[in-house]
Amino acid sequence: MQIYLPIAEVSVNMLTLLGIGTGVGMLSGMFGVGGGFLITPLLFFIGIPPAVAVATGVNQVVASSVSGVLAHLKRKSVDLKMGTVLLAGGLVGSGFGIWVFRLLSEMGQIDLAVQLAYVIFLGIIGALMFQEGLRAWLRTKRPNPKRRKLHTHTWIHALPLKMKFRASGLYISVIPPVLIGILVGLLAAVMGVGGGFIMVPAMIYLLGMPTKVVIGTSLFQIIFVAGFTTVMHAVTSFSVDIYLALFLIIGGVIGAQIGTQIGARMQAEALRVLLALVVLAVAGRIALDLLLMPDELFSIRVVGRH
Amino acid sequence: MRGGLILMAALALIALILRPFGRLGGRLLMTLAPPLAILLAVVLSVLPARGAEIIGALSQTRVSLTANFSGSEILIFGAVRHDGPADEAEPDYDIIITIEGPRHPVSIWRKARSLGIWTNVDAVTMASVPSFHAVATTAPLERILSPEADAEHRISTAHAIRPEQASGTVADIDSFTEALMRLRTRDGAYLELDRFVFLDRNVLFRTTVTLPANLTEGGYTTRMFLVRDGAVVAQYRSAIFVRKEGLERWLHQLAYDRPLAYGLLALLIALVAGWGASAAFRFGRS
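Chains as they are written, first to last, in this note's numbering: chain A, 1 to 306; chain B, 307 to 592.
Heads up, some of the hints might be wrong.
What the hints assert, rightly or not - Facing chain A, according to a computed beta carbon distance under 7 Å, are these residues of chain B, among others:
#, residue
1, Thr-367
2, Arg-409
3, Val-412
4, Pro-469
5, Met-487
6, Leu-489
7, Thr-491
8, Asp-500
9, Ser-544
10, Phe-547
11, Leu-560
12, Leu-566
13, Ala-567
14, Tyr-568
15, Ala-579
16, Ser-584
For the record, the hints were derived by calculation from the structure and aren't laboratory data.
Glycine included, C-beta positions come from ideal geometry on N, C-alpha and C.
All chains, full assembly: derive it from the sequences and hints.
Structure follows, in structure tokens:
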């Protein structure tokens, strides 16, 4: 059944949209990721204009994070102070990202920028996750795993503007979390992702936050940054499609429930290797589009529209 | 001339009567069209007048874009009046019907390889090209219409896009305007419907044109040309209005007129849908 999307101004099959939502929802339920990094490229592939795909993808991130953040708040596994510092950086990064996005749109290079950003970030993150996941998986098979050092002193601890984060048990400078926040906000605005795939490893390895507050805190930051980015995209480029978002959200919620059931039955380390492979596959697919000669060299853009 | 006026008045009256019935009215008009056209042609023929005339009507003059819009079939029909007796040994008339969608500015980009990556490099802009253009004819266009008449009335797609307005810094602008036509033809936005118009006994004509699902809002000018010996001898003009309706229209307007309210609405929907759906699942499981 075809439906007409009022903002994207294209007709697409409703089942395709629900299918994308459900498929990505399943992955996010299995792996505990937002899934924005998969939704946005999939929307490109079915012919949604990139500006609409990014802005609507970020709107979908809000929906997929909200129930998670509520659960974490109830469990008190959110470092609100750290979350607020990350958020402050996130809003700055998002604002800057929106400006960059508009500039690139006017230059006709937004598709390239978004695709390159996806290849670079997904490629690096996928490779790191794959290596780390594989090592963890192999470790579970060895009887006596080596213990990691609990706390290592790095250059990060030498920075000024130190602040106490009680929930995380940290006394560190606010500069690294603000910078992480800015990067994540930038990615949200340009790529239509929540940025959890960058923020979670950064919080663990760079800031040294305890694992139990990492997910809740990152979701807390994501929900506000994604919400802010949605509104900013709507105001500056009129590119949020509520219809499109609604179908993705409905599919996503159903998929997430199925995914959680599957994920509970699988080994965590194997899951991480699998997620890394999915991320690498998406990066590879987009890289191929850039490297191989396209069938059609020409494209038409209606001036003043997405 | 008088005959034409009467015919026009009659068709307008019928359209007016059927308008409240909406889609049903359109369908009713479709089934009534041929006998109606015959009737009007009879009226036309008994009235004295000078010069050839063409007059037509559309099965619907309004198209509503709603969420489940999947294209629309428009019936275009009408009658022709000759300037001499129909049985004379003179060349047959031909009919050309064009539908042109609202014009908008476009930029056409061409990819080229730089640093190993295929990127948009060259661009050509055109200030005003039709978003939709269909040409339906009784016979292949180049056989019934002279190039001069085509250029004058901008009938074929190649003339309708006005390639002379293209501007850019590239040497081969033609390949960009050709790409515009090729891409739009592939997407079903530019149509050439040779032999799609049926001309009955040199008097009655009708054709159906399918408007695609991804229509742009605005007025669609419909022109009907009566041609003979490669020249246009008479023409008639009408229009179809395409607009978004219902919730889609409201959302589209809100998004462009009050973007902040729209953005906040999108946010609210995401929050409520995300939280509500997972709450419903939790409730269902426990």
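We went through each hint and held it up to the structure:
1. Thr-367: violated, 20 Å
2. Arg-409: Interface hint status for Arg-409 (chain B): violated (11 Å vs cutoff 7 Å).
3. Val-412: Val-412 (chain B) check passes; min Cβ-Cβ to chain A is 5 Å, inside 7 Å.
4. Pro-469: Violated. Min distance 14 Å.
5. Met-487: Result: violated, 10 Å to nearest chain A Cβ.
6. Leu-489: holds, 6 Å
7. Thr-491: violated, 12 Å
8. Asp-500: violated, 25 Å
9. Ser-544: Violated: closest Cβ of chain A sits about 25 Å from Ser-544 (chain B), beyond 7 Å.
10. Phe-547: violated, 17 Å
11. Leu-560: violated, 9 Å
12. Leu-566: holds, 6 Å
13. Ala-567: Hint violated; Ala-567 (chain B) Cβ to chain A Cβ min 9 Å, cut 7 Å.
14. Tyr-568: With a minimum Cβ separation of about 5 Å from chain A (threshold 7 Å), the hint on Tyr-568 (chain B) holds.
15. Ala-579: holds, 5 Å
16. Ser-584: holds, 4 Å
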